[in-house]
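Participant: Chain by chain, the residues run as shown.
2 protein chains.
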Amino acid sequence: MTIIPVILSGGSGTRLWPASRSMYPKQLLPLTGDNTMLQQTAQRLNGMADKTNDCMVICNEAHRFLVAEQLRAIEQSAQVVLEPEGRNTAPAVALAAFLAAETDPDTLLLVMPADHVIDNVAAFQAAVAIGCEAATDGKLVTFGIVPTRPETGFGYVQATPDGGSAVAVKSFVEKPDRATAEAYVSGGEHFWNSGMFLFGAQTYLNALEKLAPDMFSACKESIRNRSDGDFVRPDSDSFLSSPKDSIDYAVMEKTDDALMVPMDAGWSDVGSWAALHDVRDSDGDGNTIDGDVYTHDCKGVFIQAESRLVTAVGLEDVVIVETKDSTLVVSKDKAQDVKAIVDQLNEQGRAETNLHRQVFRPWGSYDSLENQEGFQVKRLVVKPGAILSLQKHAHRAEHWVVVQGKARITKNEEEFDLGVNESTYIAIGDVHRIANPFDADAHIIEVQCGDYLGEDDIVRLEDNYGREGTNT
Amino acid sequence: MTIIPVILSGGSGTRLWPASRSMYPKQLLPLTGDNTMLQQTAQRLNGMADKTNDCMVICNEAHRFLVAEQLRAIEQSAQVVLEPEGRNTAPAVALAAFLAAETDPDTLLLVMPADHVIDNVAAFQAAVAIGCEAATDGKLVTFGIVPTRPETGFGYVQATPDGGSAVAVKSFVEKPDRATAEAYVSGGEHFWNSGMFLFGAQTYLNALEKLAPDMFSACKESIRNRSDGDFVRPDSDSFLSSPKDSIDYAVMEKTDDALMVPMDAGWSDVGSWAALHDVRDSDGDGNTIDGDVYTHDCKGVFIQAESRLVTAVGLEDVVIVETKDSTLVVSKDKAQDVKAIVDQLNEQGRAETNLHRQVFRPWGSYDSLENQEGFQVKRLVVKPGAILSLQKHAHRAEHWVVVQGKARITKNEEEFDLGVNESTYIAIGDVHRIANPFDADAHIIEVQCGDYLGEDDIVRLEDNYGREGTNT
Numbered sequence: 002m003t004i005i006p007v008i009l010s011g012g013s014g015t016r017l018w019p020a021s022r023s024m025y026p027k028q029l030l031p032l033t034g035d036n037t038m039l040q041q042t043a044q045r046l047n048g049m050a051d052k053t054n055d056c057m058v059i060c061n062e063a064h065r066f067l068v069a070e071q072l073r074a075i076e077q078s079a080q081v082v083l084e085p086e087g088r089n090t091a092p093a094v095a096l097a098a099f100l101a102a103e104t105d106p107d108t109l110l111l112v113m114p115a116d117h118v119i120d121n122v123a124a125f126q127a128a129v130a131i132g133c134e135a136a137t138d139g140k141l142v143t144f145g146i147v148p149t150r151p152e153t154g155f156g157y158v159q160a161t162p163d164g165g166s167a168v169a170v171k172s173f174v175e176k177p178d179r180a181t182a183e184a185y186v187s188g189g190e191h192f193w194n195s196g197m198f199l200f201g202a203q204t205y206l207n208a209l210e211k212l213a214p215d216m217f218s219a220c221k222e223s224i225r226n227r228s229d230g231d232f233v234r235p236d237s238d239s240f241l242s243s244p245k246d247s248i249d250y251a252v253m254e255k256t257d258d259a260l261m262v263p264m265d266a267g268w269s270d271v272g273s274w275a276a277l278h279d280v281r282d283s284d285g286d287g288n289t290i291d292g293d294v295y296t297h298d299c300k301g302v303f304i305q306a307e308s309r310l311v312t313a314v315g316l317e318d319v320v321i322v323e324t325k326d327s328t329l330v331v332s333k334d335k336a337q338d339v340k341a342i343v344d345q346l347n348e349q350g351r352a353e354t355n356l357h358r359q360v361f362r363p364w365g366s367y368d369s370l371e372n373q374e375g376f377q378v379k380r381l382v383v384k385p386g387a388i389l390s391l392q393k394h395a396h397r398a399e400h401w402v403v404v405q406g407k408a409r410i411t412k413n414e415e416e417f418d419l420g421v422n423e424s425t426y427i428a429i430g431d432v433h434r435i436a437n438p439f440d441a442d443a444h445i446i447e448v449q450c451g452d453y454l455g456e457d458d459i460v461r462l463e464d465n466y467g468r469e470g471t472n473t
Numbered sequence: 002m003t004i005i006p007v008i009l010s011g012g013s014g015t016r017l018w019p020a021s022r023s024m025y026p027k028q029l030l031p032l033t034g035d036n037t038m039l040q041q042t043a044q045r046l047n048g049m050a051d052k053t054n055d056c057m058v059i060c061n062e063a064h065r066f067l068v069a070e071q072l073r074a075i076e077q078s079a080q081v082v083l084e085p086e087g088r089n090t091a092p093a094v095a096l097a098a099f100l101a102a103e104t105d106p107d108t109l110l111l112v113m114p115a116d117h118v119i120d121n122v123a124a125f126q127a128a129v130a131i132g133c134e135a136a137t138d139g140k141l142v143t144f145g146i147v148p149t150r151p152e153t154g155f156g157y158v159q160a161t162p163d164g165g166s167a168v169a170v171k172s173f174v175e176k177p178d179r180a181t182a183e184a185y186v187s188g189g190e191h192f193w194n195s196g197m198f199l200f201g202a203q204t205y206l207n208a209l210e211k212l213a214p215d216m217f218s219a220c221k222e223s224i225r226n227r228s229d230g231d232f233v234r235p236d237s238d239s240f241l242s243s244p245k246d247s248i249d250y251a252v253m254e255k256t257d258d259a260l261m262v263p264m265d266a267g268w269s270d271v272g273s274w275a276a277l278h279d280v281r282d283s284d285g286d287g288n289t290i291d292g293d294v295y296t297h298d299c300k301g302v303f304i305q306a307e308s309r310l311v312t313a314v315g316l317e318d319v320v321i322v323e324t325k326d327s328t329l330v331v332s333k334d335k336a337q338d339v340k341a342i343v344d345q346l347n348e349q350g351r352a353e354t355n356l357h358r359q360v361f362r363p364w365g366s367y368d369s370l371e372n373q374e375g376f377q378v379k380r381l382v383v384k385p386g387a388i389l390s391l392q393k394h395a396h397r398a399e400h401w402v403v404v405q406g407k408a409r410i411t412k413n414e415e416e417f418d419l420g421v422n423e424s425t426y427i428a429i430g431d432v433h434r435i436a437n438p439f440d441a442d443a444h445i446i447e448v449q450c451g452d453y454l455g456e457d458d459i460v461r462l463e464d465n466y467g468r469e470g471t472n473t
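Respectively, the protein sequence lines represent chains A and B.
Start counting the first sequence at 2; every next residue gets the next number (my numbering).
Start counting the second sequence at 2; every next residue gets the next number (my numbering).
Hints listed in this document are in silico derivations from the structure and should not be mistaken for laboratory results.
Any given hint could turn out to be false.
Copies of the same chain look alike in the list, so a pair counts if it works inside one copy or between any two.
In silico PhoX-like links for lysine-lysine, alpha-carbon gap of 25 Å or less [as the list claims (entries may be wrong)]:
no.: 1; residue 1: LYS407; residue 2: LYS52
no.: 2; residue 1: LYS176; residue 2: LYS221
no.: 3; residue 1: LYS407; residue 2: LYS379
no.: 4; residue 1: LYS211; residue 2: LYS176
no.: 5; residue 1: LYS412; residue 2: LYS340
no.: 6; residue 1: LYS325; residue 2: LYS379
no.: 7; residue 1: LYS171; residue 2: LYS384
no.: 8; residue 1: LYS333; residue 2: LYS221
no.: 9; residue 1: LYS255; residue 2: LYS379
no.: 10; residue 1: LYS300; residue 2: LYS384
no.: 11; residue 1: LYS300; residue 2: LYS333
no.: 12; residue 1: LYS140; residue 2: LYS325
As the structure is a computational prediction, the values presented were derived from the model and not from experiment.
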């Protein structure tokens, strides 16, 4: 028997804006330690007997390079499956199950959202071990979080606990009102629906074939017609013909084989800045401070400064999050309403909901230091071994000064290396490329001059990352 | 009879940090309109019959170019007197009085702090007109602000009002406790001590000679031995031999000739962010918003964003001030405590209390876009007609790209012009200069590379602003 994590990385983490952006969402951020939430999730089974070093990540196209890079950084081998479009959890897990079943239909799939925190990994693994026995026995296991407060924002699973063992699910219940939630907490028969599941690949597929046959066949077709490369790309047309549904609705609520394993492992969905503050350490005044921050007479504040000095005076229960391009100040009891700001920004077509000022590319990153009518100053960081596309621009010229490391430049027919304090000029229309065949990051200050400076003024003639002919 | 404003511009406005910096303090900021508080103060007598277009500004050396530039911008002729060091208000005004008396001993001096707001200029001028009659008659006039709240942060002047006319001062009283302040407001015989005065130059000097003879002779000597140029520079040794004292203590409390004119003119000392919010317009929820700001569910907030997006959710009575290098978030009822943050920053030797990221020089300004080990990116703005010093650096090379306007470059023996999208390279040790003999601002992106990038790595060989041989 083997067990592999199936990590659902489709969320966008709107309520953790401005740290979380649609192109760089919550699960890809190191919110509670040095590793990102995706990395923590991928390593959550480490040390368990039946754990292989494989995992599957289901994510969307836009995040593929970041996901791959983060898994590479922790030496985690993974199949990264690119969902053509989100269809909720049941079809996503069906893709994973069809893939896993090709190798071994008995493989156990531990389905986990990529953006949850588990503080007590030992307790988590103990619950999973109990789940494994049931799953090996053909059951579909859900993990019910022992509730610590009368939360009205979660659904609940009803079951009569019997120590820590797997017990039959009596019912799934929707988000309750406050009084009902309080009764659930004191009653001891209701658990938070965590969105974590464990079952054999073939067991899930059999249930799906019976309970959601359209979804089953759409996903089966989609995997059969996939293309494989660095990423698994299921066939889009087949996948989009699948109904949208959650694992709960499509399978767990309908099957007779649903069991629940209770889990008391310091779980949090980190659903808001207030929830994140709850799982972070704080000082004697309840303050949690990251970065270049000075406070005076503050209590219960959570302040995160990424790029500049942030100061706070006389505040109580307030969250301040500073990034290179945006600052959010929110009262902790209104932390859920950050979404309202993101909605406002989206209505205005603001880029700050999608991208950070520092934009990550497969070759490294760029950061806009100054952007004005007629010119822009960027800092490029090119990773060792990386090669940008061979490209040209119709509207802008570029001045490059290398300020750290070394870079190899192609400029029309020439090729030459630039070291620190050396520069070159790329005129409008010059065919050019930056490569870094050296050992350290190359940092280049780029001054762009031109009448149009959009990222889409680019013609890619060659690209090592399969982006020829595109301008994204 | 002529009346000239004597503007005391010595304050540093700590409690309005991070907008106010010791090198760019409160009075030099446009806090309540398009003009700065200094400019508003200089123009506060405009339209009065006896007003000339002269004024005097007493400020410190570090602010001289900014003060001169702001007065030039509003076409205000002025004598700018550079205090060698602050000795409180009585000696500062003595310098002005000695200077004015050289031309006409009967000149009336209207002494005003540079950093107060007067909302109702007509009421202000009416009070000044009443004061003029008394001052012409040899009296020393103080203006008492009709109190609008039981303020415990101000001193009070006691007098029995008689309509708006000038009345004898009964006493000057120190900052009261809350109960006393409430009694003052309801009693109608106590007025806020505004720090504004009106008297003839010779009248003041005569009073000073009698009441503070050491101060009188020190200031007399200091003015006699001054050097005149673009700025009036009183002799430092003489001036520093003067005792420190305020006009109130040194003169007003001791003379028999003190009169008070009541003033009800929407006065504010703008002593904190909360006080500034009070004098600004706000919307139906009591919110005042400047810059790129989005709010949701906020009341009574004052948000000022200078350079980036600032967002606020669920806040009440909070001030947020964002500048290019710092952000302050302060509860309005703790607005006075911003000073505690400034003290903390000063203890750590942080530059953010002294300078803005954009630093103003007589030739224009520079702004640090990125500053890292081994390199720095700056944006220089050179005003039309300006010439930077002829200089060289021992530790850094500079790459310049002109991105707006045109600049004339001296590089060792060469001189040449650079337009938009043109660049040059200044090696370590190259003698160089930037000039702008053209009609529009020249904007230059400068990439510095070197092992030491401090501003003090500069040898000035020639300087149009009298800074040869210095590195500041």
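Participant: All hints are to be evaluated individually against the structure, with a verdict given for each.
Facilitator: Hint check results:
Proximity of LYS407 and LYS52 under a CA criterion of 25 Å is satisfied in neither setting, with 42 Å inside one chain copy and 66 Å between copies. Proximity of LYS176 to LYS221 under the C-alpha cut-off of 25 Å is found in neither arrangement, the shortest distances being 33 Å within a copy and 82 Å between copies. In this assembly of identical chains, the alpha carbons of LYS407 and LYS379 lie at most 25 Å apart whether taken from the same copy (17 Å) or from different copies (22 Å). In this assembly of identical chains, the alpha carbons of LYS211 and LYS176 never lie at most 25 Å apart, being 28 Å within a copy and 83 Å across copies at closest.
Proximity of LYS412 and LYS340 under a CA criterion of 25 Å is satisfied in neither setting, with 46 Å inside one chain copy and 55 Å between copies. For the homomeric pair LYS325 and LYS379, the shortest alpha-carbon distances inside one copy (13 Å) and between copies (17 Å) are both at most 25 Å. Within a single copy, LYS171 and LYS384 get their C-alpha atoms no closer than 53 Å, and across copies no closer than 77 Å, so neither meets the 25 Å cut-off. For a Cα distance limit of 25 Å, the shortest separation of LYS333 from LYS221 qualifies neither inside one copy, at 45 Å, nor across copies, at 61 Å.
Within a single copy, LYS255 and LYS379 get their C-alpha atoms no closer than 55 Å, and across copies no closer than 64 Å, so neither meets the 25 Å cut-off. Taking the closest pair of Cα atoms, LYS300 and LYS384 never come within 25 Å of each other, the shortest separation being 42 Å inside a single copy and 47 Å across copies. In this assembly of identical chains, the alpha carbons of LYS300 and LYS333 lie at most 25 Å apart whether taken from the same copy (12 Å) or from different copies (16 Å). Neither within a single protomer nor between protomers do LYS140 and LYS325 lie at most 25 Å apart by alpha-carbon distance, with minima of 48 Å and 58 Å respectively.
The structure shown violates the earlier hints numbered 1, 2, 4, 5, 7, 8, 9, 10 and 12.
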